[in-house]
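Could you slot chains B and C onto chain A? The hints should help.
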Amino acid sequence: MSQQTQLLDSSQNRKTMLILEDFGRNLGLTFYALFALFPLVWMVICSLKADAEMYNTVFVFTPTLDNYKAVLLGTDYFKAFFQNLVVSGGAVLLTVVAGVPAAYALARYDFKKKEDVAFQILSFKFAPEIMVILPVFLIFQKIGLYDTYFGLIWVYQLITMPLLIWVVRGYFEDISVEVEQAAQLDGYRWFDVFFKTLVPLIKPGLVASGLLAFIFAWNSFTFPLVLSGFNIQTITITSLRYIASDTVHYGQVAVAALIAVLPEITARLFIQKHLVRGLSFGAVKG
Amino acid sequence: MPKLNVSHPDINYNEVPKNIRMRPYYIIAPGLLILIGILIPFVTAIFLSLTNYSFRLPHWKLIGLKNWIDTLTDPSFYHALWVTIKYAVFSTGTQMILGTVIALLLRKDTRYSRILKVLFTFPLMVAPAIAVLIWQLMTSNSIGVLEKLLNVFGVFGFPWASSHSTAMFTAVLIDTWVNTPFILLLVLAGLQSLPKSPFEAAEVDGASRWFIFKTLTLPMLKPFLYIALLFRLMASLQEFGIIYALTKGGPGDTLMNISLTGYMTAFQYQRLGSALPYLLVLWTIVNISAKFLVKRQRKLAKQAQGY
Amino acid sequence: MSQTKRFKQGVSIFLVLTLAIGMFSGCGGSAQTPPSSAAPGSSSPAPQSKVADVQQQAQSSDDFDWKQYEGATVKVSFVQHTVADAIVSKLPEFTEKTGIQVEYSITPEASYFDKLSTSLSSRSGDPDLFMSGAYQLWDYSTAGFVEDLGNFLGDASKITSDYDFEDIVPSAVAALRWNGIPGYPVGEGAQLALPLAFEIYSLAYNTRAFAENNLEVPKTYEDLLKVCDALQGWNGPGSYAIALRGARDWGTIHPGYMSTYANFGAVDFAQQDDKLVSMVNSPEAIAMTEFWVELIKRGGSSSWSNYTWYEAGADLGAGKAAMMFDADNNGIHQNWDGASQEAGNIAWTVMPVAKEGDTPNSNYWTWAMAMNSASKNKDAAWMFLMYFTSKEFAHYASVDMNSLDPARTSVWDSDAFKSKMAKQPGYIETYNATIDSTTILFTPQPYFFETTTEWAATLQDIVAGQYGSVKEGMNALKAKIDKAVSDIDLSAYY
Chain A
14 MSQQTQLLDS SQNRKTMLIL EDFGRNLGLT FYALFALFPL VWMVICSLKA
64 DAEMYNTVFV FTPTLDNYKA VLLGTDYFKA FFQNLVVSGG AVLLTVVAGV
114 PAAYALARYD FKKKEDVAFQ ILSFKFAPEI MVILPVFLIF QKIGLYDTYF
164 GLIWVYQLIT MPLLIWVVRG YFEDISVEVE QAAQLDGYRW FDVFFKTLVP
214 LIKPGLVASG LLAFIFAWNS FTFPLVLSGF NIQTITITSL RYIASDTVHY
264 GQVAVAALIA VLPEITARLF IQKHLVRGLS FGAVKG
Chain B
5 MPKLNVSHPD INYNEVPKNI RMRPYYIIAP GLLILIGILI PFVTAIFLSL
55 TNYSFRLPHW KLIGLKNWID TLTDPSFYHA LWVTIKYAVF STGTQMILGT
105 VIALLLRKDT RYSRILKVLF TFPLMVAPAI AVLIWQLMTS NSIGVLEKLL
155 NVFGVFGFPW ASSHSTAMFT AVLIDTWVNT PFILLLVLAG LQSLPKSPFE
205 AAEVDGASRW FIFKTLTLPM LKPFLYIALL FRLMASLQEF GIIYALTKGG
255 PGDTLMNISL TGYMTAFQYQ RLGSALPYLL VLWTIVNISA KFLVKRQRKL
305 AKQAQGY
Chain C
8 MSQTKRFKQG VSIFLVLTLA IGMFSGCGGS AQTPPSSAAP GSSSPAPQSK
58 VADVQQQAQS SDDFDWKQYE GATVKVSFVQ HTVADAIVSK LPEFTEKTGI
108 QVEYSITPEA SYFDKLSTSL SSRSGDPDLF MSGAYQLWDY STAGFVEDLG
158 NFLGDASKIT SDYDFEDIVP SAVAALRWNG IPGYPVGEGA QLALPLAFEI
208 YSLAYNTRAF AENNLEVPKT YEDLLKVCDA LQGWNGPGSY AIALRGARDW
258 GTIHPGYMST YANFGAVDFA QQDDKLVSMV NSPEAIAMTE FWVELIKRGG
308 SSSWSNYTWY EAGADLGAGK AAMMFDADNN GIHQNWDGAS QEAGNIAWTV
358 MPVAKEGDTP NSNYWTWAMA MNSASKNKDA AWMFLMYFTS KEFAHYASVD
408 MNSLDPARTS VWDSDAFKSK MAKQPGYIET YNATIDSTTI LFTPQPYFFE
458 TTTEWAATLQ DIVAGQYGSV KEGMNALKAK IDKAVSDIDL SAYY
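Residue numbers (our numbering), protein chains in the order written: chain A, 14 to 299; chain B, 5 to 311; chain C, 8 to 501.
It is worth saying that the hints were derived from the structure and are not from the lab. Glycine included, every Cβ here is placed at the ideal spot set by N, Cα and C. Treat each hint with caution, since some may be false.
Okay, the calculated beta carbon distance ranges per label pair [as the list claims (entries may be wrong)]:
id, chain 1, residue 1, chain 2, residue 2, range
1, A, 79, C, 173, 40 to 48 Å
2, B, 158, A, 54, 20 to 28 Å
3, A, 79, C, 236, 34 to 42 Å
4, A, 128, B, 86, 26 to 34 Å
5, A, 198, B, 306, 23 to 31 Å
6, B, 67, C, 173, 46 to 54 Å
7, B, 122, A, 198, 41 to 49 Å
8, C, 422, A, 162, 49 to 57 Å
9, B, 223, A, 128, 19 to 27 Å
10, C, 304, B, 86, 26 to 34 Å
11, A, 79, B, 122, 25 to 33 Å
12, A, 86, C, 422, 29 to 37 Å
13, C, 100, A, 79, 21 to 29 Å
Extracted from the complex, chain A is given alone in its bound form (with noise of 0.2 Å):
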């Protein structure tokens, strides 16, 4: 008898630990979710309040597309947008031309200083971009790269490939040998095999570091600030110019950062499946 209200009992605490854990997690989530959130909110609120509203409002307001009026109609924040896109698009295509192979390289074959020279790739991400701009730029007016899509695709490496190397490295590490051999063994020559079998493979690795490639190419800054600006205007400069001419807009900058996000997202929903599973890999083995 005393047994069985004992288990009873002890259920009864496992449910009530549960319904208390449950709520303590979708508390601690919520919380999270105000703070990761509330900004992006507040982003678009702002994109709907008239300037005059802009200060004396928090969430009653008349609100107004005039922001986006201007934006969007009465600058060139389309051709900047667009150029970004050719930009940061090429700059990743060029990442993944160049690196594949050569994570394929640092990940099958045993050479000398290997590790050196992945440890070198990989520390490019981590090279202040203050110091090698300036020697860029003077090399880049030399040889007519200022002002280029190419110039600033090629410096857009420096950001863009080291990531996805290492991870892509990961990737081709994990796949056994065998598969490679088998697939040799009934008459495809080694190109074929690479893009026949390998690549599939090596797919969700390289869609979620490519994701990343292109957020970190989007919303460079201080490489297109100094490299570009009369041919090629990126995205970030530009909505940044909505904050002042006259008086403060932000709510021209809110629309400006919205709008400029939106690739991103949109890429980041293709990729949803490939996201979290294209990241577990590669990115430990590498």
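What follows is chains B and C alone, placed relative to chain A:
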């Protein structure tokens, strides 16, 4: 057809035909070439640190180690170093803990957590300079929405970025807002890759939650945590964008870390030669700590494969 | 084994070669370019009266061959500013009239000069023209980056007879002349740029705040502090008396602070032997800074140290600040119909002084257009400059595009401008009362950014109580400024 030599590390190089022996170099060449092209500036930077190069001087000349001696005897260098380290430890530490905790909370698969997993990555996509602007608007004392919120709790005029004592906190807060999702993503990836059986076994044995976390989850997550730590620590050691947009290093010299001091000296005061020792020291610190972390991480990853 | 060795050798040779090419073509280039026309000691052609003579010999705008540089391309660097908006909107007309193509970049103010310094230092000739203020031109002209516009103003074949140079506000023109000698005041030497718009400093105030509290608009420092006490919290929580700049950059020093500094009789530098010596710890300077710190503490925003011009302006417009001691045109943009909460309530008055009747000395800021001395299209660039500093354009920029303050007297005198400004009470009167005592109050020297940034940082520290006294802070500042300007050797100029 060439044989892959990875499974035969003791193979004799000279017996392999030349074209195959050189293959790794061919394959890696495009990537390396692109990055080596960018390596030139590094060497240039070292060279220029030995000159009095300045935007405003028509001629420059070699001046030996003068810039280095000036830098290393300047108290503001050590102040900058201290700010750099303090900022890196605070911001990386906060983000690591927060990112890990949130990832653990998201572990249970519910509809709520699935939606949040997507939404939580959004701040990572906002450019840091824009993120600062949003937070400046929210934290302004006279017009900010957070001031109104704090007023409800009886706090008036919280100084945020404008006071010596809270400027670092504010910068770290914004950094945390933008970059915690990066850690969150990596830890979620780590959690997903954990094998199920050891956990089931532990649960059957009636091990406590804390015990399971301490002896199973955490060690197996370590390689992921190291990667997250590596990327965030290296970035926050050289944080520039957030601090510059927020206070330009102020109030006073509160937030003048090495990156900012170097940038101001080079680009605003136009004394590139004297700025470069700062940046080269920073580069060295970052490189050494990165190398240490990478080594640890590779070792842990190999151990983790043993599970 | 030998293979890998050779590979390594190859890589290292490649590295060294590219490095060498990078070094000597990339950076050594500066060794070949001698400092250009506006360098110290260059002749000073074309004071204003001479330009008038030259204009008489010149052709009228109708006869002038505007198409002589057809097909050329001019690159222009703009900062984000209303005058840039005005110019951009007129570019098609300019291109149609001259056949000159224009490429331009617009950069937000916070990063503008960093980008510009880098571009100019490359000596590549890009951009041909750039917006700048006078202070920055001291840096750039010392490096030889700035073309002396006297070369064009003094040439009858390059100017139109109706350009009317004398119409450009004389003090603004003078503020942009300098002979390149550190410590030597502006007004002589090379014409480094031509003004597009400028600002002087005055007190903007919210009439509602003063009426509701039965307060008199302050005329003296004493009045100002008293009014500050009365106006704290005047419009609910978070509202305060006076908006001032306080961010850690040169912008904090040059408006109200520098004007008041001069009104206290303080100077920034003195010449001792062959050196410039900072005077920021003189008794006048300390007294002034003590007053300023008092003003911030009794009347300023609690986030003062984050404030640039636009935060200050926004607070005035939002009814958070009752006054603003800043550029006269800053508050204007808050006061157009519907521009802000308090639009229509803002008025202007002359800055407070020690006692009524004292001259209000105001510092000067000009947004001007300068020419890169390395430009390869100087004549075409001059066409651009002449076109966009013309009377017609100045009128359009100010009356239709809100670019303020106009740099041409004819605009100030025009009925269109006057009626436009009728809704800005006290603006024109304040301008008239201040402009004659407006000049650049800084001592020209090529380390302007460094000295004023340190100045702002020290001011932040003093206000936050990091120093035992204002004197202690200013002593520390003097040491920093002296160090920054220590390599100026004046004996090289005489």
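Cross-check of the supplied hints:
1. In this structure the supplied range 40 to 48 Å holds for residue 79 of chain A paired with residue 173 of chain C, their Cβ-Cβ distance being about 42 Å.
2. For the pair residue 158 of chain B and residue 54 of chain A, the supplied restraint of 20 to 28 Å holds, since their beta-carbon distance comes to about 25 Å.
3. Between residue 79 of chain A and residue 236 of chain C the beta carbons are some 39 Å apart, a value that agrees with the proposed interval 34 to 42 Å.
4. A hinted range of 26 to 34 Å for the beta carbons of residue 128 of chain A and residue 86 of chain B is consistent with their spacing of about 33 Å.
5. The hint said 23 to 31 Å for the Cβ distance between residue 198 of chain A and residue 306 of chain B, and at roughly 29 Å that hint holds.
6. The beta-carbon spacing between residue 67 of chain B and residue 173 of chain C, approximately 48 Å, falls within the hinted interval of 46 to 54 Å.
7. For the pair residue 122 of chain B and residue 198 of chain A, the beta carbons lie near 43 Å from each other, so the given range of 41 to 49 Å is met.
8. Range check, residue 422 of chain C to residue 162 of chain A: Cβ separation about 50 Å, and the 49 to 57 Å hint holds.
9. Distance hint for residue 223 of chain B and residue 128 of chain A: a CB-CB separation of about 24 Å, consistent with the stated range 19 to 27 Å.
10. A C-beta distance of roughly 29 Å is found between residue 304 of chain C and residue 86 of chain B, which places it inside the suggested range of 26 to 34 Å.
11. Between residue 79 of chain A and residue 122 of chain B the Cβ separation comes to about 31 Å, which falls inside the hinted range of 25 to 33 Å.
12. Checked against the given bound of 29 to 37 Å, the beta carbons of residue 86 of chain A and residue 422 of chain C, roughly 33 Å apart, stay inside it.
13. Checked against the given bound of 21 to 29 Å, the beta carbons of residue 100 of chain C and residue 79 of chain A, roughly 27 Å apart, stay inside it.
Hint compliance for this structure: every hint is met.
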